[in-house]
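Undergrad: Going down the list, the sequences are from chains V and D. The opening position of the first sequence corresponds to residue 1 in my numbering, with each subsequent residue numbered one higher. The opening position of the second sequence corresponds to residue 1 in my numbering, with each subsequent residue numbered one higher.
Beta-carbon label-pair distances, calculated as ranges:
#1 59(V) / 60(D): 22 to 30 angstroms
#2 111(D) / 96(V): 37 to 45 angstroms
#3 83(V) / 7(D): 26 to 34 angstroms
#4 59(V) / 107(D): 19 to 27 angstroms
#5 3(D) / 65(V): 23 to 31 angstroms
#6 79(V) / 14(D): 45 to 53 angstroms
#7 66(D) / 5(V): 34 to 42 angstroms
#8 111(D) / 113(V): 35 to 43 angstroms
#9 52(V) / 20(D): 39 to 47 angstroms
#10 84(D) / 28(V): 26 to 34 angstroms
#11 64(D) / 20(V): 38 to 46 angstroms
#12 84(D) / 80(V): 39 to 47 angstroms
From the derived model, a few chain V residues whose C-beta atoms are all more than 12 angstroms from chain D:
#13 11
#14 27
#15 62
I should point out that these hints are in silico values taken from the structure, not numbers from a laboratory. Where is the CB? At the ideal position from N, CA and C, for every residue including glycine.
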Amino acid sequence: NAGVTQTPKFQVLKTGQSMTLQCAQDMNHEYMSWYRQDPGMGLRLIHYSVGAGITDQGEVPNGYNVSRSTTEDFPLRLLSAAPSQTSVYFCASSLHLTGNTIYFGEGSWLTVV
Amino acid sequence: AQSVTQLGSHVSVSEGALVLLRCNYSSSVPPYLFWYVQYPNQGLQLLLKYTSAATLVKGINGFEAEFKKSETSFHLTKPSAHMSDAAEYFCAVLNRDDKIIFGKGTRLHILP
Numbered sequence: 001n002a003g004v005t006q007t008p009k010f011q012v013l014k015t016g017q018s019m020t021l022q023c024a025q026d027m028n029h030e031y032m033s034w035y036r037q038d039p040g041m042g043l044r045l046i047h048y049s050v051g052a053g054i055t056d057q058g059e060v061p062n063g064y065n066v067s068r069s070t071t072e073d074f075p076l077r078l079l080s081a082a083p084s085q086t087s088v089y090f091c092a093s094s095l096h097l098t099g100n101t102i103y104f105g106e107g108s109w110l111t112v113v
Numbered sequence: 001a002q003s004v005t006q007l008g009s010h011v012s013v014s015e016g017a018l019v020l021l022r023c024n025y026s027s028s029v030p031p032y033l034f035w036y037v038q039y040p041n042q043g044l045q046l047l048l049k050y051t052s053a054a055t056l057v058k059g060i061n062g063f064e065a066e067f068k069k070s071e072t073s074f075h076l077t078k079p080s081a082h083m084s085d086a087a088e089y090f091c092a093v094l095n096r097d098d099k100i101i102f103g104k105g106t107r108l109h110i111l112p
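Start from the sequences, fold in the hints, and give me the full structure.
TA: Okay, here's the thing in structure tokens:
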């Protein structure tokens, strides 16, 4: 059981470049989400999805785009990378949201120079 | 909107001493509350969760938390700290908009 798999683990981007962080889960979870973690800020929700074809914005959605074409995959796209997007990104999933355990991926370290 | 506040960004306790990490929530309805732990360079792991079944919730690794509605608190405790407990701990709440909102975290240091 792979759980939540994120790729890549490390990435360096130049300002203005675009890229996609991949997230896949094999637990048939309905709920998936992306967080960014910055020192002293905790985890902040970027986007989330309650099922295939449904996405919504979190606390800090600007500069990011998501889609949910399948239950398994929830990619996060950086449209035009900025240094302020240097962060650690976590993908998470849950069977259903209410009261269920959320499983996290191992994180993706992104540096924008 | 529902939110959580963690008091103390850093907490230090001696090995064998009581661990107390504080979390207060704001919510107008009974919330779902969680505590997660993050070890260096890893993702988050669930320690325990409150879903209104019982006010005292026991989790993994000897941790427990008590939901106190009158104080809007969900503090995390462990009777005797171990060196392996050194990590960052996050309190989180599920809000009405299907969003899990995390606190800013408390880094726990264990002194030998």
